[in-house]
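Respectively, the protein sequence lines represent chains A and B. Numbered continuously in this note's numbering, the first sequence closes out at residue 345. Numbered continuously in this note's numbering, the second sequence closes out at residue 316.
Keep in mind that the hints are not guaranteed to be accurate.
Pairs of lysine to any residue residues, derived as SDA-like cross-links and limited to a Cα-Cα distance of at most 20 Å, are as follows [what the hints assert, rightly or not]:
id: 1; chain 1: A; residue 1: K90; chain 2: A; residue 2: R178
id: 2; chain 1: B; residue 1: K292; chain 2: B; residue 2: L221
id: 3; chain 1: B; residue 1: K291; chain 2: B; residue 2: L238
id: 4; chain 1: B; residue 1: K255; chain 2: A; residue 2: P61
id: 5; chain 1: B; residue 1: K255; chain 2: A; residue 2: E37
id: 6; chain 1: A; residue 1: K328; chain 2: A; residue 2: F213
id: 7; chain 1: B; residue 1: K255; chain 2: A; residue 2: R175
id: 8; chain 1: A; residue 1: K45; chain 2: B; residue 2: E280
id: 9; chain 1: B; residue 1: K255; chain 2: A; residue 2: E33
id: 10; chain 1: A; residue 1: K45; chain 2: B; residue 2: R282
id: 11; chain 1: B; residue 1: K255; chain 2: A; residue 2: F318
id: 12; chain 1: A; residue 1: K87; chain 2: A; residue 2: R175
id: 13; chain 1: B; residue 1: K255; chain 2: A; residue 2: D58
id: 14; chain 1: A; residue 1: K45; chain 2: B; residue 2: P283
id: 15; chain 1: A; residue 1: K328; chain 2: A; residue 2: F318
id: 16; chain 1: B; residue 1: K255; chain 2: A; residue 2: R178
id: 17; chain 1: B; residue 1: K255; chain 2: A; residue 2: H51
Calculated from the structure, these hints are not laboratory results.
Residues per chain, in single letters:
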Amino acid sequence: MELIERYVQEVARRLPRKQRDDVARELRSSLEDSLESRTGEPLKQVDEAHAVELLLDFGPPQGVAASYRTSPDYLIGPGLYPSFIKTMKICLAVIGGLMALDLLVDMVGSSGGLRELGWIGLQAFSNLQSGFLGLLGLVVLVFAIIERAATPGSTTEEEWDPRDLPPVSEDRDRVDRTGQIVGSVLAVLALLLINVWPEWLQVQVWTNGERFSAPLVRPGLSVEVFILNLYLILGVALGIVVVLQGRWNPGTRVADAGLSAVLVFFLSRLWAKSYTLFPDEAGLIEAGWPAEQATQFAGVVEQVLSPLLWWVYLGVFIAAAWASIKKLTEVGRTMFGQRPAQTS
Amino acid sequence: MVSKSTAESSLTLELRRGAIVLAILGQLREPLYGYSLRERLADEGLEVKEGTLYPLLRRLESQGLLDSEWDVGEGRPRRYYSLSKKGEKVLAELQTEWEELVRALGRLLT
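The task is simple: from the sequences and hints, build the whole structure.
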């Protein structure tokens with residue numbers, strides 16, 4: 002009967018491919034049995050009104066299909082939702098801050114005319130919109146992958162012993178899931194910015210309604226870019242592993258300490274180059290900038306940005322080196338069996 | 207706010223859910239296909255919606271409690287379900303649990 006076929010098809014198309022044919026066959030057979038039994042007539046002679054009645058009793062196709070599915074119907078489940086909201090808030094704050102900084106740099110670099118400032122404002126608004134949507138998509142994607150990669154029952158259903166609960170004091174092996182996810186999302190964003198959307202990493206200037214731009218970083222840093230890419234990719238991979246495992250172990254601790262060492266190496270190379278990182282006057286003129294703006298920007302770079310950057314790198318370098326030493330100490334503790342000290 | 211009738215039907219549904227699984231496992235000591243199982247349950251006073259029964263059979267099978275086999279001989283093809291080894295063990299445990307529950311509720315409700 003055509004109505005039964007249409008119903009079976011509507012249920013089946015909502016099911017995973019490998020399940021589809023089998024369920025459709027059983028559903029068709031059951032519906033036909035039911036229809037014949039209700040009417041007491043062979044299928045070919047059954048009136049369509051009876052089929053309508055039967056299918057109404059059976060329920061809407063989407064509801065029936067949903068009861069067949071065993072995988073979750075949601076992208077992010079209740080277990081991960083609080084971390085998702087926290088991650089979104091932190092990422093939005095970071096991205097919003099970076100965009101505000103970018104807006105400030107562009108405004109300082111503009112000639113000060115109302116029209117230019119209007120254009121800068123409009124572009125900042127457009128960047129904010131696309132940045133927000135991109136960020137939302139990326140965070141949802143990362144969480145949806147974690148939701149599906151997590152072992153079923155790994156959070157609430159597994160056997161547990163109350164005596165194994167961590168003490169009230171600091172538990173150093175527990176993974177800060179939100180922190181790790183935020184780090185991974187930002188790392189993916191950085192990878193996209195460096196490799197897919199390098200045009201976002203530009204310095205811009207508006208003069209007489211015309212926009213001039215140049216890459217924010219001088220060419221010739223391929224080794225540093227490679228090290229940064231490596232650091233970010235390995236960082237994302239490690240982030241996903243530790244979020245899924247929930248606790249640090251010797252292997253992930255060694256990997257984390259190794260990554261910190263890579264970061265320290267990268268920062269040391271950048272520190273040495275901080276005075277030659279931004280484009281100079283000749284580079285800006287070569288990129289098509291008017292001479293006046295190029296001289297002005299090069300002056301700001303030489304007198305403000307480069308010295309500032311030198312100190313920033315020094316600070317970040319010391320922080321990264323300190324973090325690296327702490328992580329190595331933690332590796333030693335974990336590997337040689339000494340329990341981390343608990344603060345009471 | 208949930209109306210009384212909706213709340214009542216939701217509670218009834220919840221109460222019946224576990225009992226239906228137990229009844230299905232109990233009937234599948236011998237192989238039955240979906241429609242015949244539904245008829246059997248209905249004859250004993252336990253009506254189960256078809257849209258509920260078939261997905262439930264699949265879930266019980268994916269949990270390893272049921273085995274299934276297609277009969278594609280003469281007439282309409284039918285999928286026969288029967289209790290697996292694991293299903294037999296689980297049924298015995300559930301039956302004990304059910305009997306204890308009935309005794310306890312009998313004392314609590316009188």
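Taking the hints in turn, this is what the structure says about them:
1. K90/A x R178/A: holds, 14 Å
2. K292/B x L221/B: violated, 25 Å
3. K291/B x L238/B: Holds. K291/B to L238/B sits at ~16 Å (cutoff 20 Å).
4. K255/B x P61/A: holds, 13 Å
5. K255/B x E37/A: holds, 17 Å
6. K328/A x F213/A: violated, 45 Å
7. K255/B x R175/A: violated, 46 Å
8. K45/A x E280/B: Answer holds: K45/A to E280/B is near 18 Å, not above 20 Å.
9. K255/B x E33/A: holds, 15 Å
10. K45/A x R282/B: holds, 14 Å
11. K255/B x F318/A: Roughly 67 Å between the alpha carbons, so the hint for K255/B and F318/A is violated.
12. K87/A x R175/A: holds, 18 Å
13. K255/B x D58/A: holds, 8 Å
14. K45/A x P283/B: Roughly 17 Å between the alpha carbons, so the hint for K45/A and P283/B holds.
15. K328/A x F318/A: Holds, at roughly 15 Å.
16. K255/B x R178/A: Distance of about 43 Å is beyond 20 Å: violated.
17. K255/B x H51/A: The hint holds at about 17 Å.
In summary, the structure is inconsistent with hints 2, 6, 7, 11 and 16 from the numbered list given earlier, while agreeing with the others.
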